[in-house]
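Protein chains in written order, with this note's numbering: chain A, 16 to 125; chain B, 299 to 611; chain C, 151 to 646.
One thing to keep in mind: the hints can contain errors.
As the list claims (entries may be wrong) - Restraint-style ranges between C-beta atoms, simulated for each label pair: (1) B:V306 - C:G198: 57 to 65 Å; (2) B:N542 - C:S311: 23 to 31 Å; (3) C:P607 - B:R322: 52 to 60 Å; (4) B:V320 - C:A366: 23 to 31 Å; (5) B:V306 - C:A260: 56 to 64 Å; (6) C:Q353 - B:V306: 40 to 48 Å; (7) A:T17 - C:A366: 21 to 29 Å; (8) C:G198 - B:R491: 55 to 63 Å; (9) C:R180 - B:R491: 19 to 27 Å.
As the list claims (entries may be wrong) - Among the chain B residues that face chain C by a calculated CB cut under 10 Å, a handful are: (10) P412; (11) V422; (12) R443; (13) P466; (14) R543; (15) L544; (16) G548; (17) L554; (18) G560; (19) L564; (20) G568; (21) E610.
I should point out that these hints are in silico values taken from the structure, not numbers from a laboratory. Since the model is a prediction, treat every value here as computed from it, not as a measurement. Just so it is clear, CB atoms sit at the ideal spot from N, CA and C, and this is done for glycine as well.
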Amino acid sequence: MTAETLIALVACALVGIGLYGLIVQPHPLRKLVAFNVMGSGVFVIFGALARRGAAAGMPADPVPQALLITAIVVAFAATAMTVALLLRLIESTGSASLAAEPPAADGEAR
Amino acid sequence: MRAVVSLVVVLLLLWLAVWTVVARDAFLAVAGFIAYGLLLSLVWVRLYGIDVALTEAAIGGGLTGALLLGAVGRLRGTEAAARSERPGVGTRVLAMALSLGVTAALVLCVLALPEPGPTLAPQVARELPATGVGNPITGVLLAFRALDTLLEAIVLVIALIGVWSLAPDRFWGGRPGMRHHADPDGVLAYFARVLPPIGIVVGVYLLWAGADHPGGKFQSATILAAMWMLVQMAGLADAPAVGNRLLRAGIVAGPLVFVAVGLLGLWTAGYFLGYPQGWAKPMIVAIEVALLPTLVLVLALLMSGAPARSAER
Amino acid sequence: MSTEGGLLLAAAVLLPFAGMLLGVPAGGRRAQRTAFIVMPLGLAVAVGIAFTWLDASGPVVYVLGGWAPPLGIALRADGPAVAMLLAVAGVVTGIGLFARADFGTPKGSAESRAAYSYWLLLLAVWGSLNLVFVSGDLFTLYVALELLTFASVPLVCLAGSGETLRAALRYLLFALCGSVLYLLGAVLVFGAYGTLDIALLAQRVRPEAASWTIVALMTAGLLAKTALFPLHVWLPPAHAGAPPAASALLSGLVIKGSWFLVVRLWFDAMPGVVTLPSAQLLGALGAGAIFFGNAVALRQARLKLLVAYSTVAQIGYLFLMFPLAFDAGSGRIADGVALSGGIMQAISHATAKSAMFMAAGSIYSALGHDRIADFAGLARALPVTVFAFGLGGFSLIGLPPAGGFLAKWWLLSAAASSGQWWWALVLLAGGLLTAAYLFVVVSRALRAPDAPLVVAPIGRYREPATLALAMASALLGLVALFDVPGLPIGRLPAGA
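Bound conformation, chain A alone (with noise of 0.2 Å):
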């Protein structure tokens, strides 16, 4: 087994972690920290496929090099507006929970 295969299914296991956590964390912040771990596992898997893609006197394809650097600033994009908008919601309500609330009784608006 190379040592790209072996990045690449430690790079699975990333994945699966991740989605644990963005599954059961309950604080917003850490589900964005675990979708960030997801993230970088898909980008880690594609990063060997790259390499495996060596080729024509490159050390590795490129073209998946360059996708992963738009989708590194994509997810920090992603990440700055989850923040932006959790500490709006933290200031603004005084709790971090995603649980909806029940709805007013009067249908007036909040």
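Position chains B and C against the provided structure of chain A, taking the given hints into account.
Just chains B and C now, kept in the frame of chain A:
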């Protein structure tokens, strides 16, 4: 020997990932995540993805970690309430089953992939000389798949608008974050005076070198944005007001120039985002230089968050 | 490789984004004006693409930069894409006109956060949707999904209240999970087949463990983003809590983006890989959505929540087309009446649901609340609005000549020809349940009040825009009468 080092890194990575997900305290989880991000950069080096390693270290580990760390400091006791909402054993067992199932399916999939793997490297090698750049990744990002890069810049602008829209109405157009004050004789202020000139030189070099060596505008923009944030954190400069028209123009200048260059390509080479013979490198450099201020502004402003105080000093 | 007029595809994607980019520094009233300049231009581009496609013998293709796939990116528009481009352009224009009431900036007033954000995000949603419809590359589609998410989430909490912030955060987390699963599938596609281009993939893909895993992962991610039962929990609070001009956009259009990707994946990228049992599973989830959504909608006390749960149910119809599209002879999924039915359902729902949310918003502005129990006298106070709401519901129930009727007709004929009669029962039962809650609302509005109803004036543009979209959905079925080449939606064998 190399195999042993790889094995150790990979095992550490797994352990850190588990730690990050199950640690009891959010601060410990985020600290673990930052270490995880830096370790991941080593994995990228092992996979011969130097550009990706730079991006992961800068944005994945660095900026994301700083963002999460800042958030952890402002959780204000919501963690305790969250702990009471922990899902029951049933949900955890189901989640574990799902997670294991997905991992198993992925492992089978990865092992079943064709060997040797399909690759686009020969095609890139063939078409790269026409673009005039030596770094194949820059060629992919700004020539072959330029639309993705343009859309990515647009994604960042939209994310920033979205973050700004979260501001309370009374602070609209104001400045994000708190006004920082650091001891003018302290270490932070000292760093904020000494590091930025060095950082700017390194950042600009990375942009320039990215045409032919690992580097490029994303890594460069991250360093420059970090220098700006450092100066703000030391209180030597204030965060800009988001209503500032010049700031907003700077934010959209990059993608607009990109579209303009694309239209120029349409006019001269017949294809939107195409490059005429011999003009590819100057046009690519123009795009990179135009995108740099946009990226610096957007990355830094995404870190600062939504406006939280009024525009007056 | 590019076909005649392919450049219009690039224009369809970039025009809304360029408008948004120019609107950012322009600010205030000018951001709104930018949106109103882009709307007719975008409509013209969509119509232009439609005419180009009608003249061409195959899909309209544009290769960006001259670099053909697999190295570069191609934009591709076929019948379903053209239909969706037109529909989105039309509905966005209608919503934009309606939104002038809530988000218009009067001359001379300072820039408002909500108005500025709304117009920019409206353009962003439009551009992202167009990108979803015409992109022929799986990774570009991933970027399109992220664009759509980042543009939609802030619309949910535009009002700024705590509950809407919570709904927005829940939506964002679901959407991000969905995106990462989609990306995982795309990564495996590259590893297994060496290309991210959909047309090339269709030639190279084989039914095997890798491709089944890919389809499962990508579909699961897209289902989370489309809020198909049982992953629907984020939708009702998010769509009900958003301002009405935003709910119309979210329920009518944004949902269709991720759904369209499932269609692309199943029908275009991997037709030989998807199996009938998995399609039956999608259909079963759709049936679950129809029954659950309609049942809960019936029990709602507030109109906006009722309309939101109705969306949950109508999304179920969009997934009934999958098992019905399987050709009995070859056992493969095929373009046919079922696909046309699904596309028509999507367009019909887009117009009808936008009109219904807009009507609900007008009612809320006029009365100060949206409690259905207190609607007595509403029909006399706001006749146009209530009529528009009724028309929208009329289309959702599926009565002729509405688009919903045509969609159901096509789906029923697919059920008949493939012998899957149980889906026909689901379709009919769903129609009955929809009629039930529509009846509740309209009959309450028609009732005479005990005391005269006090209504606040609503903006000038609201009622015409609402009525226009409602009439569009109610008359959409008439397209079947015209011998438009390429109908139904360009892929139907003649005579069906």
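Quick rundown of the hints versus the structure:
| no. | hint | result |
| --- | --- | --- |
| 1 | B:V306 - C:G198: 57 to 65 Å | 60 Å, holds |
| 2 | B:N542 - C:S311: 23 to 31 Å | 28 Å, holds |
| 3 | C:P607 - B:R322: 52 to 60 Å | 56 Å, holds |
| 4 | B:V320 - C:A366: 23 to 31 Å | 27 Å, holds |
| 5 | B:V306 - C:A260: 56 to 64 Å | 59 Å, holds |
| 6 | C:Q353 - B:V306: 40 to 48 Å | 43 Å, holds |
| 7 | A:T17 - C:A366: 21 to 29 Å | 27 Å, holds |
| 8 | C:G198 - B:R491: 55 to 63 Å | 57 Å, holds |
| 9 | C:R180 - B:R491: 19 to 27 Å | 40 Å, violated |
| 10 | P412 | 7 Å, holds |
| 11 | V422 | 7 Å, holds |
| 12 | R443 | 6 Å, holds |
| 13 | P466 | 7 Å, holds |
| 14 | R543 | 5 Å, holds |
| 15 | L544 | 8 Å, holds |
| 16 | G548 | 9 Å, holds |
| 17 | L554 | 5 Å, holds |
| 18 | G560 | 8 Å, holds |
| 19 | L564 | 7 Å, holds |
| 20 | G568 | 7 Å, holds |
| 21 | E610 | 15 Å, violated |
Going down the numbered hints, you'll see the structure goes against 9 and 21, while the others check out.
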